[in-house]
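Engineer: Chains as they are written, first to last, in UniProt numbering: chain A, 1 to 104; chain B, 1 to 483.
No lab work stands behind these hints, which were simulated from the structure alone. Cβ atoms here follow ideal geometry from the backbone N, Cα and C, with glycine treated the same way. One or more hints might be untrue.
Restraint-style ranges between C-beta atoms, simulated for each label pair [said to hold, decoys possible]:
no., chain 1, residue 1, chain 2, residue 2, range
1, A, Arg16, B, Gln414, 31 to 41 Å
2, A, Arg84, B, His106, 42 to 52 Å
3, B, Asp205, A, Asp60, 39 to 49 Å
4, B, Ser95, A, Ala94, 34 to 44 Å
5, B, Asp407, A, Ala94, 46 to 56 Å
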Amino acid sequence: MKRSSEQPQVADLRVRRGFVRGAHVTFIVDGAEMEAPEGESLAVALFVNGRRTLRRSPRDANPRGMFCLMGSCQECVVTVDGRRVPSCMEPVRAGMVVVTGDPG
Amino acid sequence: MKGAGVRAEQSVDLVVLGAGPAGVGAATAASSAGARVVVVDENAQAGGQVYRAPPGTYGIDAPDTPEAREGARQRAALGESGVTHAAGHRAWSISRDLAVDAIGPHGLVRWTPRTLIVAAGTTERVIPFPGWTLPGVIGLAAATVLLKSQGVLPGRSTVVAGCGPLLAAVAVGILKAGGRVEAVVDLAGARDWLAGVPDMLSRPDLLRQGAGWLAALAKARVPLYRRHAVVAARSHGEGLAIAIRPVDAAGAPLPSGAERIVSADCLAIGHGLVPSTEVTRLLGARHGYLPERGGWIAETDGDFRTSVPGLFVAGDAAGISGAVPALHKGRIAGFAAAHDLGLIDGARFDALAAADRRALARAERFGRAAARLMSPRPALAATMTPDTVVCRCEDVTRAEIDAAMADGADSLNQLKAWTRCGMGPCQGRTCGEAAAMLLAAHVGGRDRARFWTGRAPLRPVPLADIVGDFDYDDIPIPKAAPL
């Protein structure tokens, strides 16, 4: 199993001031472990961990990622524990199994 | 039987859709007048987008902004009222008899209220341009979610573009959070902003806040491009190369203007807010086009009743004017609903609504001035080149839409049927404004182009959630008919 540290990293984009996050939990994304604070939006956790492309568009297979972040546009849909959900509306939970449409 | 089953909640007078300021206002007002109220919202906590709370698993150092305090106040008011807050519930279907079907953490729920108040807020208008589908391009409102609720920068470096007060709010939010803003690209010119000042004087506190934002941007030496539009974004290494050009007052790129390229990780862009009309369209309410209030909206009377009996629409969903007016619109609608339910008489309704009507009149002056800065700029259609994807869900390009119009498509529904534009999982929420803008130019106005017919499901729902879990033995097999 790949460690998330092998994936491309963006500089830490999480703002410290004003936010007191809970413990980081581990979950599985496309077969690799990833860590994020429990309760963070899954779309945000993927983004902060360098996963900007979450799926491919239906006809032209162009890269797509989070766009509206409020459950409207459906661009960030991934499969979580077997259910297709907009990742921006899904909180990170320990052990959740995420399959994106662009395993890289 | 292990089938999902629908939990029916019959004893409800009023369902309010949306727990933003309008929904909280409507629900608490109606409840205080004696109504049994349920407020349904897909988010975990009340507050809507403006007063959006961080995840419940997070702690907060201190609520240090007026917005954070107001959000906390509204959540407390809702919690202390007798209102049932169905958080984490996604309403996916509403029938003509106002029965609301939702999926929540414990499965399916149906409420059958006598009155329904839609307080669904807005969606963001983003007019397409080449590259707007690239990862790294996000909505301006999305950037506010990242900053306020998630505490995350939209990129190591960001270009903030589009129009309206969110531009400065997002740019300053990024700076305060320690991020870098490469440029602010504003469709409006200084004159457009100044035109709003007399109305904005009705809220000196907010005007001061806006002036403070501009000062903060100047202090940080953030380049501010007034009367400019983003005309393209391209992948450039790990980030984006963003092309901007000067535009005229209507948003059309000036042919003589020089293109300039700005590099950044992220482009946060929004061309204004659009009232959410999925439910009012689904239920067949009468709508009209009022660009200065956000565009296609349900017609209402002064108490926010639509043309459909028992159906109200309140807050920004009834016309954009901002979070403070939304609270008052919601409260008026809530009292009106209580009146229509027979819980209070006309005199009592007038007395209860009077303070909110006065406050609304004051607050709306500012809100409407801000909304005018976000009103549609049809000439922006020029940024949609023939190969620009307009419908992100179905990869439908402008050339395909133009071809359908040339073939005779003269309503948005026909355009949808011929091209699949608006037929994907977002149900046209993302592309609707752009498609309507193109068609309106072709058929002579938005009122003639009309809008998509509303359809269930309002949001995609996994079929398994509706069907539930059942065995073969659970299927009832009728006795064979006698021969």
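Engineer: Give a verdict on every hint.
Structural biologist: Comparing the hints with the structure gives:
1. A C-beta distance of roughly 52 Å is found between A:Arg16 and B:Gln414, which places it outside the suggested range of 31 to 41 Å.
2. Between A:Arg84 and B:His106, the C-beta spacing of about 20 Å breaks the proposed range 42 to 52 Å.
3. Take B:Asp205 and A:Asp60: their Cβ atoms lie about 48 Å apart, and the range 39 to 49 Å holds.
4. B:Ser95 and A:Ala94 have their C-beta atoms about 39 Å apart, which keeps the hinted 34 to 44 Å range intact.
5. A beta carbon spacing of about 54 Å between B:Asp407 and A:Ala94 agrees with the range 46 to 56 Å that was offered as a hint.
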